[in-house]
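As you go down the protein sequences, you meet chains A and B in turn. Residue numbering for the first sequence follows the numbering used here, starting at 63 and increasing by one per position. Residue numbering for the second sequence follows the numbering used here, starting at 20 and increasing by one per position.
Rather than coming from a laboratory, the hints here were simulated on the basis of the structure. Every clue listed holds true.
Simulated crosslink set (SDA-like; lysine to any residue; CA at most 20 Å straight-line):
id: 1; chain 1: A; residue 1: Lys364; chain 2: B; residue 2: Glu163
id: 2; chain 1: A; residue 1: Lys397; chain 2: A; residue 2: Tyr357
id: 3; chain 1: B; residue 1: Lys405; chain 2: A; residue 2: Phe431
id: 4; chain 1: A; residue 1: Lys409; chain 2: A; residue 2: Tyr479
id: 5; chain 1: B; residue 1: Lys405; chain 2: A; residue 2: Ser437
Below are the chains, spelled out letter by letter.
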Amino acid sequence: MKKFVLLIILILVLPLSLNAEVKEYKLDNGLKVLVIEDHKAPLATFQIWYRVGSRDEPAGKNGISHLLEHMMFKGTPKYGSKEFSKMVKKKGGVDNAFTTKDYTMYYQTLASDRIDISIELEADRMQNLILDPKEVIAERDVVMEERRMRYDDDPQNSLYEEVLAAAFKSHPYHWPVIGWMSDISSIEREGLLSHYKAYYSPDNAVIVVSGDVQADEIIKKITAAFGDISPASGRAVVTSKETEQKGERRISLRREAELPYIIALYHTPSFPHPDSYALEVLGMVLSGGKSSRLYKSMVYEKKLAIGASADYSGFNKDPYLFLFDATAAPGKDIKDVENALYVEIEKIKKELPSEREVQKAKNQIEASFIMGQDSIYYQAQIAGMFEMLGSWKLKEDYMENIKKVKPEDVTRVAKKYLHEDNRTVGILIPTKNPK
Amino acid sequence: MKNSKFKKVIISSIIFNFALLLYNFPLYALEANKKILPNGLTVLHSEKHNLPIVMITMIVKAGVLDEPKEKAGLAYLTAELLDEGTKSRKSSEISEEIEFIGAGLGASAGSDYTTITLSVLKKDIEKGFELFSDILLNPVFPKEELDRKRELIKGSLKQREEDPSFLAERSFKKEAFGEHPYGRLVEGSTETLSEITREDLLGFHLKYFIPNNAMLSVVGDLTPAELNSLIKQYLYSWEIAELPERKIHPMNEEKTKKAVKIDKDVTQATIIIGHLGISRDNPDYYAVSVMNYILGSGGFSSRLMQKIRDELGLAYDVRSFFTASKEKGLFQAEVQTKNESANTTTEEILKQIEKIRREEVSDEELSGAKDYLTGSFPRRLDTSRKMADFLATVEFYNLGLDYAEKYVSFINAVTKEDVQRVAGKYLDAENFVLIVVANQKKAGIRY
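Next up, chain A with everything else stripped away, as it sits in the complex:
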């Protein structure tokens, strides 16, 4: 009885306390600013999101957005190469950036009374990047080393790159974020400069600040630093759509590796499509820990795989994918692994998952959402990710929509998307080292 009462109180309190309040502003030049106050520690995160990624790249210049992200650390006339990073570190902070298919994000987390550094230096490098030709060539080498490390020498990641390219034919999600090697090596200052001019402008950016800051104070400072920067034109609008897939595509990759590995991809819509919430729950039912279906069946009972997972990847601007992967256990045939995967997929298409299973998935999604709020970086990131999809306000509806998902919805979306004609499969076939 006591527990019951506690639960009711929490349900009443949760939506109020857990969706940290977001204050939204828009400057005259189109720059959007979101501020989330959280005063638990004297820290703040500053993030600036540019709506540009590998999705927006010209043919033959794949990887230009990511290389430009690297060049953003190489200095302006006022602040030299890496000076921003060094200033942040000197204040005990951390900074980094990453590029995805849809956007590029830069961030600093540091003591909240030092946040002015972020404001001043991000405004500076939005307008005044040097892009020294010599530095471009040096940084290209760095990115090529990064590519060798992340993809070329990692068999499973190589397969991922291959199978993704096969899944997307007409849509630019075909291109890897880091770029194909020959494209990276051909990118020069001119290309970077026009990419920078078109996409690094206030009307194509969103700032998210979270932590121990006062919203009205911070917006004044941001307006002072960014308010005079002119909006830009000349951005290409991506109109390509992926044509409907009508038949399974299969690729294989033969190379030195230890164990066979499979990736299977299905085209799916992204958030906030009405099916996206059921797809998120489906991912959890299949792959949310050791009690979920794929682990129990493929790893635990059949002992066919040393790992098996499903992941609905819905945080993309355009329709993206539901992904499966599994590594065969030593001595096991990858065909059997693949078949075992399809057995589980067929099962959830035929029989409704239990109420408890769906409730468990929802509980897992909700708990990780709540625990994530403990990090000011994560709070800002979630707001930014939803903003990239259209609006940070989608965040407010996310949990509500997840809670509405029923077992019937899970089976319905499984049937709708997880069918053979919509599937692209990649198999890693290990070869013996020839030496």
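The hints should help you fit chain B onto chain A, whose structure is shown.
Coordinates of chain B only, in the frame set by chain A:
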């Protein structure tokens, strides 16, 4: 929003987990209470009411240091099997119950100790704590679970051989530590894993998993009264027992130079250069932290990064670190560069090691390192999860709850002379172990 390997498609411009091992202990505005229960269990507690969550970390002094050589992997297997069956629950019941409340429960062993963690919503703390105590106190290590887990670990060890860094790391530990337990993988090897029986696991658990050999750290939305009542209900039955003696393992400190070349069909050479370092209780720990920040752990502020990435474009990432453990740990510098640049890059790293040994660092470098190390306190403790882990570790290494002030004053006391002295004492550009995993034909290593 859950973690997945597919999230690897996100590409960062810096890898930023710079070997925090060495300097992740500062304390900031962290009020914690410590007490010792009648059964010998040390309890650390800090209340945080910003969110309805509770984070728990327990350290048990049982790790690689406590297992026999021929049964390497025993501590690891014990930890892995804690949640695979108890007196009253089957493996599948444990995962079902914990996952139903959206909580995280897990255990893992390391060189010095085993960690058991629980992350749970406040409303489910009762259930979560009950499961936590059940896997801690009542594991039964079913034979079929042991067999299953053993095969999974063997499979994963095999798969990881695809990763050049794993091969380099494994070889480096073995060469640098020799016969010392730190020289082995925590997971053991295919051979030693086969030697471990159910009786070994039961015995290891019985001997080491006792309250007077453990510390519990709790951070989050929980009052002292609530915590006391949980402890009373679930951990009072945990009985004090004779404290097992922790052997000191002899370490071969003879200076040697050795190069190991591992041939693999890869585009990049993975290089590790290093040798024995310091233990966590070495008084020079703080001067070493400052010195190593300047050399290779300070990201874009470090000399290795500036030279090898920014000036020469030879690598995406290069770093150096000291792993300071209960016993003497390692110093190592690590880099990946295309096969053809392996010699040049190795040479540059050695030059930088030699330089910091021979010449004083600049005032700017010294203050930059100190400012970062002292100024990054709050950020390293900005979630309840991080705090819970931190409190447990501070207790394990006996640093004291006043570690905050001490750390800042120790770092601020480091002088340029100290930096040069510890560089001279703990770095060696003549006698070192060099590991190169590469296409050896293309790399043509000269060392």
